[in-house]
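Number of protein chains: 2
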Amino acid sequence: MNIKVIQVGEKILGKNEDKAAENKKRLDAQKILTINIMSSPGAGKTSLIMATIKQLSKKYKIAVIEGDVASSVDAEKVSAVGIPVVQINTGGGCHLDAFMVEDGLNNLPLPNIDLLFIENVGNLICPNAYLLGEEVRLMISSTPEGDDKPYKYPAMFADSDVVILNKTDLQPHLDFNEKAFRKVVDGLNPDVILFPVSCKTGAGMQEWFDWLEGKIKEKKNK
Amino acid sequence: MNIKVIQVGEKILGKNEDKAAENKKRLDAQKILTINIMSSPGAGKTSLIMATIKQLSKKYKIAVIEGDVASSVDAEKVSAVGIPVVQINTGGGCHLDAFMVEDGLNNLPLPNIDLLFIENVGNLICPNAYLLGEEVRLMISSTPEGDDKPYKYPAMFADSDVVILNKTDLQPHLDFNEKAFRKVVDGLNPDVILFPVSCKTGAGMQEWFDWLEGKIKEKKNK
Chain A
1 MNIKVIQVGE KILGKNEDKA AENKKRLDAQ KILTINIMSS PGAGKTSLIM ATIKQLSKKY
61 KIAVIEGDVA SSVDAEKVSA VGIPVVQINT GGGCHLDAFM VEDGLNNLPL PNIDLLFIEN
121 VGNLICPNAY LLGEEVRLMI SSTPEGDDKP YKYPAMFADS DVVILNKTDL QPHLDFNEKA
181 FRKVVDGLNP DVILFPVSCK TGAGMQEWFD WLEGKIKEKK NK
Chain B
1001 MNIKVIQVGE KILGKNEDKA AENKKRLDAQ KILTINIMSS PGAGKTSLIM ATIKQLSKKY
1061 KIAVIEGDVA SSVDAEKVSA VGIPVVQINT GGGCHLDAFM VEDGLNNLPL PNIDLLFIEN
1121 VGNLICPNAY LLGEEVRLMI SSTPEGDDKP YKYPAMFADS DVVILNKTDL QPHLDFNEKA
1181 FRKVVDGLNP DVILFPVSCK TGAGMQEWFD WLEGKIKEKK NK
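Top to bottom, those sequences are chains A and B.
Under my numbering, the residue at position 158 of the first sequence is numbered 158, and the numbers go up by one with no gaps.
Each number in my numbering comes from the position in the second sequence (counting from 1) with 1000 added on.
Worth double-checking, as some hints may not be accurate.
[Stated by the list, open to error] Residues from chain A shown here face chain B by an in silico Cβ test under 7 Å; the list is partial:
1. S71
2. V73
3. N123
4. L124
5. G146
[What the hints assert, rightly or not] No more than 25 Å apart at the CA atoms, straight line, and that leaves these computed lysine to any residue pairs for SDA-like:
6. K54(A) x D1148(B)
7. K1219(B) x L1194(B)
8. K1183(B) x E76(A)
9. K54(A) x F1176(B)
[Unchecked claim] Computed far set for chain A versus chain B, every beta-carbon distance over 12 Å:
10. E17
11. K58
12. S79
13. D103
14. N107
15. L110
16. E135
17. D186
If you are wondering where the hints come from, they were derived from the structure by calculation, not from laboratory data.
Beta carbons are placed, not taken as given, at the ideal position from N, Cα and C, and that holds for glycine.
Given only the sequences and the hints, what does the whole structure look like? Please build it.
In C-alpha cells form, the structure reads like this:
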C-alpha cells in the first residue's frame, strides 16, 4: 500500500515535469523571461514584484501569475497598476504546479509580454519540487526570519538561481549575521546570485533591476 | 486514477486521526499538557519554547518534540538547557503527523513530564490538517510577516486555540496594523486567545506564562 502511494507521487511529479517542459517551450517561443518567485509567507514576494513593476514597466511589458491558498489580495494590488494578472487559488494546496501555470498562460496575452513573474504560494518546503516552466528560480529570504534558514530549509536554497535577502532595513534591530547566512547559502549553492535589498527603502534594488534588465535583453536576443 | 489518489489521501488522514486520538489518550493518562506549535519559518517557535523553559522549568517538568525538514539546530538549543528533547526530521515532509509524534512519545520519559511542546515544521498551510494528539493548538504570527496573513492563510488561524503575535518590538519599524490583524483573526475564530509578545524583550510574556500555568494546573487537577 505504501509503495502504491509513492508510485502515484512519482507519476504526478513526472507528469508535472512534462507539463513544465511544455510551458517552457511555449514561453521560449514568445521570448518571455519567466521567474518563479518562492519564499516564506510575508518575506516580500509581492513587494519585490510591485517595486520591479514600478521601475521597469515603462520599458518592458510585464505580467503576473499570482498563486495563493486563498484570497486575491495580491492580484488586486498588481491589477490596480494596470498589469495583466491571473489569480490561482490552490484551495489548500501548498505549492503551484505546471498544470495550474498552464491555466494561467491560457489567460494571459503572451505575444505582449517580455517578463512574467509567477508568485508561488508562501512556503519554504514544497514549491521547489515542482517545475513550472520558468527560466529563473528566485527565492526571497527576509532578515527577521533569522540567519539559520538555509540550515533548516536547505533544498529551497540549493535549487534557486537567485536569492534575494529582503528587509535589510530591519537589520539594526535584529541579531541577523549576514556573513553566516552567506556562508551557508554559498556552501549549498556555489553558483547562486545573492542580492541584499530593502523593498521598503529601495536599498540594493538597483543591482537587482540591472541584473534583471540584462536577463530580459539576453532572452530577446536569443 | 485521480480518484485513487484522493482515496489514499483520505485514508491517510483518517488513519492519522485514529493515531492522534491514541496519542491523546496516552498523554491524558499521564496528565501531560501538550501544545502543538505552528508558524511560518522564523516566526519564533523555538524562541517561545526557550523563553518558556527559562521561566517555568523550575516549577514544571517540560519536554519537547522538535519537527524539522532537516537539521537538529533547535533540538540542540533545547538539549543544552537540560530539557528532554526528541528530534524528528521529516526528510522533505512539510508537516508532522501523529505517527511521527508516537515515535517521539516512545522516546520521552512520559511519567516525568507536565508540559510537552511539539514544535511543528515551519509552514502556514499543511500542519493544521494533521492532529497530533495535542490539547492546545497554538500558532505564532510575527509582525514582519505583515497584517494580511490571516486573509491569506485563513485555515491555520481558524483552527488554532491560541495565536501568539510575536516580534512586537519591531512594530515601530513596520507598517503593521494590529487592529486590522485582530479584526480578521477574531472574524475567523471568535474564541481565539491572542497574546501580543516580544520573545526578545519579554514584553507581554507574563500574560502568556500566567495563562499557560493555569492550563498546566487545570490538567493536573482533571
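message: Please check whether the beta-carbon of D186(A) is more than 12 Å away from every beta-carbon in chain B.
response: At roughly 17 Å from the nearest Cβ of chain B, D186(A) sits farther out than 12 Å, so the non-interface label holds.
Per-residue hint verdict: G146(A), partner chain B, C-beta under 7 Å: Where the cut-off is 7 Å and the nearest Cβ of chain B is about 5 Å from G146(A), the hint holds.
task: Sort out whether D1148(B) lies within 25 Å of K54(A), counting only the CA atoms.
output: holds (22 Å)
Given as non-interface: E17(A), partner chain B, CB spacing beyond 12 Å: Non-interface label on E17(A) holds, nearest chain B Cβ at 17 Å vs cutoff 12 Å.
- request: Take the C-alpha atoms of K1183(B) and E76(A), compute the straight-line distance between them, and say whether it is at most 25 Å.
  value: This hinted pair holds, its Cα atoms lying about 21 Å apart.
query: For E135(A), is the shortest beta carbon distance to chain B beyond 12 Å?
result: holds (25 Å)
- prompt: Is it the case that K58(A) keeps its Cβ farther than 12 Å from each residue Cβ in chain B?
  reply: holds (26 Å)
Given hint L124(A) near chain B, where the shortest CB pair must fall under 7 Å: holds (5 Å)
field: N123(A) as an interface hint toward chain B, with CB separation required under 7 Å
entry: Status holds, d = 6 Å.
- request: Under 7 Å, Cβ to Cβ, is where S71(A) needs to be relative to chain B, so tell me if that hint holds or is violated.
  value: Since chain B brings a Cβ to about 5 Å from S71(A), closer than 7 Å, the hint holds.
- prompt: Within 25 Å, alpha carbon to alpha carbon, are K54(A) and F1176(B)?
  reply: With a Cα-Cα distance of about 23 Å, the restraint between K54(A) and F1176(B) holds, given a limit of 25 Å.
- prompt: Since S79(A) was said not to touch the interface, does its Cβ keep a gap of more than 12 Å from each Cβ of chain B?
  reply: holds (16 Å)
Of the numbered hints given earlier, the model fails none.
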